[in-house]
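Residues per chain, in single letters:
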Amino acid sequence: MHSLSLREKVVAGLACGAAAMACAALAAAQPAAAVVEPSAEKQRMIDLGIEHGTAWDLYRYFQEQAGGGDTLTWDRIPDWTGIWTREASPFVWDPDQTEGTLPTAKLTPEYERRLLEKLARVAQGIEYDPLSGCNPAGMPRWLVEPFLREFVVTPQQTWLINEMMNEVRRIYTDGRGHPPPEDAYPLWEGDSIGFWDGDRLVIHTSQMREGQYQRLQPDYSEEVEVVEVWYKSADDTMIADVWVYDPPALVEPWYTRQVYKKLSNDDKSLRIRYWHCSENPNNIVIQTEEGTSDFADFTFTDADDRPADAENRREAP
Amino acid sequence: MTRKILIGAIAGLLTAAAFAHHSAVMFDDQTEITVTGVVKEFQYTNPHSWLLVDVTEEDGTVTTWGFEAEGPSTLMRAGIRRSDFAPGTKVTITGNPMRDGRPAALWVRAVREDGKEFDPREGFAIR
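Just so you know, the protein sequences line up as chains A and B, in that order. Sequential numbering of the first sequence, starting at 141, is according to our numbering. Sequential numbering of the second sequence, starting at 787, is according to our numbering.
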């Protein structure tokens, strides 16, 4: 058998499941998991992203197509009420990514290396998520987090809310632009401006922090910019067509369709509450010296129950 | 009360359990542990809830086990309310145990003394 590259080992490990690298060599001899080819509609959207060199170019294209775009009035607000959640698994950014395959992004060599090394570490049981230190997900990761969402539309702003860490994205649709570049600084949710094209909300977001699309997904850089087109395709279905531009990480824009479903809530029991990440000491997660996750001391058991290497741990940033 | 522990290999599942804010690598997802005991406290909190169960060992000592699940809104979607596990409730509960041997596990399913079953992962079903 030939010597496996890191990519071959990781792909083989994905086919084995979560604790996988041990069987990677064996799995490499098996047929690779099938990668789903984009549908014609998806390919058209991918091409649309490629045809526009930057996120801003694509946003401006949509704006021209919309005749400059609309500003809503109170008597013409689309009904986006309800409690919503993302349809796809939170572990994938692209809902079309099938089990046992790599994310569908076209990555630069540097960011592919980072992804493969991360997946190799996870397969060895070494994983730490910045969320464990009670950081928010931030944009664009915000798009794929699970849990409850609300979408609040007003003429001047639309608030896109995810309950986890109380993350609210404010989309300004009153005609304002982004802050001047000299005043821009990285923000957890970025700075979002938008316009309405009928009942479709078109958004351009910039000024985001670097991060990861999700735990088993690639990283994005501080240069990331996102264009989204949000609309309701059925009473219980919200669509967000998303193009991510990130020259350091992506060789071409990463187009995906994110789908959110309205949850039945007839008894009104589902309500978004304030999310206090550190209210329960049993949820404090630390990063070990080897870089993986572990719980700090529990309140319900003795510190003596901890393994001998407890003193080698350090607090999460 | 007799402590009952059943450990067996299970198929690995890439589920959304314990998703909220940390990796699940500290749990052994290939092993299940089952204990029977009495609810000490149901910590119905974000980002994770903890069901604390007092389990009496054969020698009479009591160990408090913690079973982790998602936060309140996901538990509500799974039909698991805070009142379902009032202190004193007898329960048999199964989870993926921590690898380091501490008495804690990722809550997989629970059966109350009245026979009602509770699967917190149902909270991710869309309906």
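Hints were generated in silico from the structure; no laboratory data involved. Where is the CB? At the ideal position from N, CA and C, for every residue including glycine. Among these hints, one or two may not hold up.
These stretches of chain A come out as covered by chain B in the derived footprint (C-beta under 8 Å, 3 or more residues) [to be verified]:
#: 1; region: 285-298
#: 2; region: 307-318
#: 3; region: 363-369
#: 4; region: 388-397
#: 5; region: 423-435
Under 10 Å between C-beta atoms, here's a sample of chain B residues computed to sit facing chain A [what the hints assert, rightly or not]:
#: 6; residue: Val824
#: 7; residue: Thr847
#: 8; residue: Thr849
#: 9; residue: Gly852
#: 10; residue: Met862
#: 11; residue: Lys902
#: 12; residue: Asp905
Against the structure, the hints come out as follows:
Judged by the Cβ-Cβ criterion of 8 Å, the region 285-298 of chain A is covered by chain B as claimed, because 3 of its residues qualify and three suffice. Counting residues of the region 307-318 of chain A whose CB falls under 8 Å from any CB of chain B gives 0; the rule of at least 3 is not met. Counting residues of the region 363-369 of chain A whose beta carbon lies closer than 8 Å to any beta carbon of chain B gives 0, which falls below the threshold of three, so the coverage claim is violated. Note: the region 388-397 of chain A has 0 residues with beta-carbon separation from chain B under 8 Å; the three-residue rule is not met and the coverage is violated.
Figure legend: the region 423-435 of chain A, annotated as covered by chain B; annotation consistent (6 residues with Cβ-Cβ distances under 8 Å, at least 3 required). For Val824(B), the shortest C-beta to C-beta distance to chain A is roughly 14 Å, which exceeds 10 Å, and the interface hint is violated. The interface hint given for Thr847(B) is broken, as the beta carbon of that residue sits about 12 Å from the closest beta carbon of chain A, more than 10 Å. Annotation: interface hint on Thr849(B) holds; nearest CB of chain A at approximately 8 Å, less than 10 Å.
Interface hint status for Gly852(B): upheld, as the beta-carbon distance to the closest one in chain A is roughly 5 Å, under 10 Å. Interface restraint check for Met862(B): the shortest CB-CB distance to chain A comes to about 6 Å, inside 10 Å, so the restraint holds. With its C-beta approaching chain A no nearer than about 18 Å, Lys902(B) sits outside the 10 Å limit, and its interface hint is violated. Because the beta carbon of Asp905(B) sits about 16 Å from the nearest beta carbon in chain A, more than 10 Å, this interface hint is broken.
Consistency with the previously given hints fails for numbers 2, 3, 4, 6, 7, 11 and 12, ordered from lowest to highest.
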